[in-house]
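*Asks:* Each protein sequence line maps, in turn, to chains A and B. The opening position of the first sequence corresponds to residue 1 in our numbering, with each subsequent residue numbered one higher. The opening position of the second sequence corresponds to residue 1 in our numbering, with each subsequent residue numbered one higher.
In case anyone wonders, no lab produced these hints; they're calculated from the structure. Be aware that a few hints might be false.
Examples of chain A residues lying across from chain B (beta carbon under 8 angstroms, computed) [unchecked claim]:
| hint | residue |
| --- | --- |
| 1 | F92 |
| 2 | L93 |
| 3 | S134 |
| 4 | D136 |
| 5 | N204 |
| 6 | L206 |
| 7 | G211 |
C-beta atoms are modelled at their ideal positions from N, C-alpha and C, and glycine is treated no differently.
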Amino acid sequence: MEDTTIVTESKSDIGHPTSEILHVPTMAEMVAAGKEPEILFWVGCAGSFDERAQKITRDICKILQHVGMSYAVLGTEESCTGDPAKRSGNEFLFQMQAMTNIELLNAYNIKKIVTGCPHCFNTIKNEYPGLGGSYDVIHHTQLIQQLIDDGKLKAEGGESFKGKKITYHDPCYLGRANGVYEAPRKALEVLDTELVEMKRCKSNGLCCGAGGGQMFKEPEKGTKDINVERIGDAIEVNAQVVAAACPFCMTMLSDGVKHFEKEKEMQVLDIAEITARANGL
Amino acid sequence: MIAQVIFILVLTASVYLFSKNVAKIRRNILLGRDTDRSDNPALRWKTMAKVALGQSKMVKRPFAALLHLFVYVGFVIINIEVLEIVIDGIFASHRVFSGLLGGLYGLLIGSFEVLALLVLVSCVIFLARRNIARLKRFSGVEMTSWPKSDANYILITEILLMAAFLTMNAADHKLQLLNFEHYIHAGAFPVSNFLAPLLPDSATALEMVERGCWWFHIIGILAFLNYLPYSKHFHIILAFPNTYYSNLNPKGKFENMASVTNEVKAMLDPSFTPPPAEVSRFGAKDVTDLTWKNLMEAYTCTECGRCTSVCPANQTGKLLSPRKIMMDTRDRITEVGNGIDKQGKDFKDDKALLDTYISREELWACTSCNACAEACPVNINPLEIIMEMRQYVVMEESQAPASLNNMFGNVENNGAPWKYSNADRLNWAKTE
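Please work from the sequences and hints to get the whole structure.
*Replies:* Right, here's the structure in full:
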């Protein structure tokens with residue numbers, strides 16, 4: 001896997017006209033205008049460069065804009081958190097990245113961060129404090145759940161997911177790594193869908209196969225690819241939608257669906273995308 | 001009198017030998033590098049009470065959990081009986097607790113008997129699961145003949161001990177009914193009652209059976225005690241300290257290497273003077289590079305294989321098995337410990353945990369998903385060892401797989417793991 005697999009979408013997937021023009025403010029612009037955003041949206045590398053994940057990034061922005069939350073991104077000032085380096089054993093590179101990022105975040109006086117990726121979430125939340133970067137960090141599924149709980153976000157005015165069989169795939173770095181199991185499920189519960197659990201879920205969830213640096217290398221010799229094994233679980237429960245919450249899982253699960261040639265029967269969608277669609281954003 | 005002397009000698013010798021072997025394991029564990037696990041004692045006690053004493057993580061597999069619970073409760077409670085046996089052995093008394101406890105004694109012996117039966121039946125089922133049903137969890141590359149025999153020896157010993165205990169009670173009960181010598185009426189025998197008809201009727205023969213079983217039972221227990229330090233069964237002791245010293249952080253939080261922090265700080269800020277470095281090596285090549293907690297975990301592992309059975313790499317046919325990581329670590333630290341005993345503390349050989357025991361292919365198959373750590377009923381974390389070894393391979397040897405080296409290069413030069421220019425980072429906001 002030289003570069004990430006880009007999932008091309010059919011037109012019907014994008015069939016929702018953007019109701020508002022997306023304006024993405026950067027921290028630099030904010031500071032220049034003398035403003036301080038309520039929350040920093042940490043996009044992450046996949047969310048910035050991977051074509052499939054870019055769509056999810058835009059949907060997160062649409063949700064933020066829809067609820068009127070003041071936010072900003074770092075734009076070209078953002079850099080890799082260092083997670084893939086650390087999990088691959090390169091602590092030097094990780095700490096170089098971490099300290100550079102922390103310097104920037106502290107210079108901008110950042111207090112609260114929402115990430116579009118569980119790996120960024122985990123790294124900034126757990127590993128940055130020891131290097132001088134302490135922030136209130138949440139994952140975008142937690143933000144969506146909070147917005148729903150606060151009554152700021154509903155599932156109306158968009159696509160109906162009513163009666164659709166949806167299963168949620170727990171990303172390791174959100175679930176087991178940080179105990180976040182309920183927020184993503186709550187975000188799906190408002191859709192009035194049929195939420196089904198795969199046999200391996202929550203703390204027993206099976207990895208998509210991308211963590212620990214695997215995203216950037218060929219898997220070791222084995223009898224099967226992990227993502228294929230995982231999509232087997234989703235097929236077993238006849239899911240029409242596999243809900244994801246991580247750009248790496250998105251790539252792996254989409255490839256798994258392709259492996260079984262189930263693209264017509266089974267969609268892999270991020271919770272942000274589902275939420276945006278349900279609200280016609 | 002001779003019996004008393006023999007008993008005291010055997011007891012002293014076994015306790016001495018056991019303490020000596022435990023001290024050796026403790027020494028071996030402390031060969032690991034230091035890590036601080038002294039914070040938050042309240043939460044640590046709570047974790048130990050919940051996970052080790054309360055067996056909270058066993059319940060994920062309810063059937064095995066129930067059988068294990070019988071054996072565990074049986075073991076803990078029947079130890080009260082062992083205390084009585086030891087006192088009787090030293091002072092040549094017989095059922096010394098019966099006088100102290102009165103009517104309660106019957107209840108006590110009765111419940112020991114029920115537990116003994118449950119232990120016996122559970123162990124028979126456990127044996128069948130391993131040797132007849134051949135559960136997949138109990139096989140694998142690391143499950144060579146010794147680990148398999150070890151498991152069988154433990155189960156067979158427990159069956160024999162429980163059988164001896166029940167037979168002893170049956171004979172005792174029969175002697176009580178005969179009003180024979182010092183066999184006072186004491187205890188209740190809800191289980192061994194059914195064994196009584198199988199025993200001879202003559203008092204002398206019964207006394208031989210009773211004494212024979214008594215000696216077999218207590219010597220068996222003392223022998224088993226001394227088997228523990230050589231066996232995976234040592235978990236019955238180490239499960240407690242191991243859960244006490246659990247990692248209390250979220251599983252996703254990996255330790256930041258302080259030695260690296262100093263170097264990176266010095267690189268980013270030329271005015272920063274790092275404190276003198278004490279680490280000679282980044283990451284782990286051999287067991288002594290690991291922390292004492294990693295080594296304690298290796299000795300705690302009872303090879304149940306729950307970690308391996310949930311490992312995504314292992315389930316898809318890769319070489320990695322988290323259980324093997326723990327067993328290899330234990331075998332290597334034992335080897336190093338034995339070497340130190342023979343050649344002194346500067347012992348060196350041409351082996352190491354990396355390559356001699358654990359291959360690079362195993363290390364690179366890990367997805368760091370934490371399923372192994374989550375599954376372990378005694379909070380062992382094989383992932384920590386894998387990560388420490390990856391750090392050695394990458395930072396000391398620069399031997400990462402080529403594709404990962406590309407990724408490192410991209411992160412270093414472009415701030416992203418892929419070859420995209422940082423100037424294009426916000427392009428997503430311009431499309432659609």
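*Asks:* In ascending order, which of the hints set out earlier in this document are inconsistent with the structure?
*Replies:* 3 and 4
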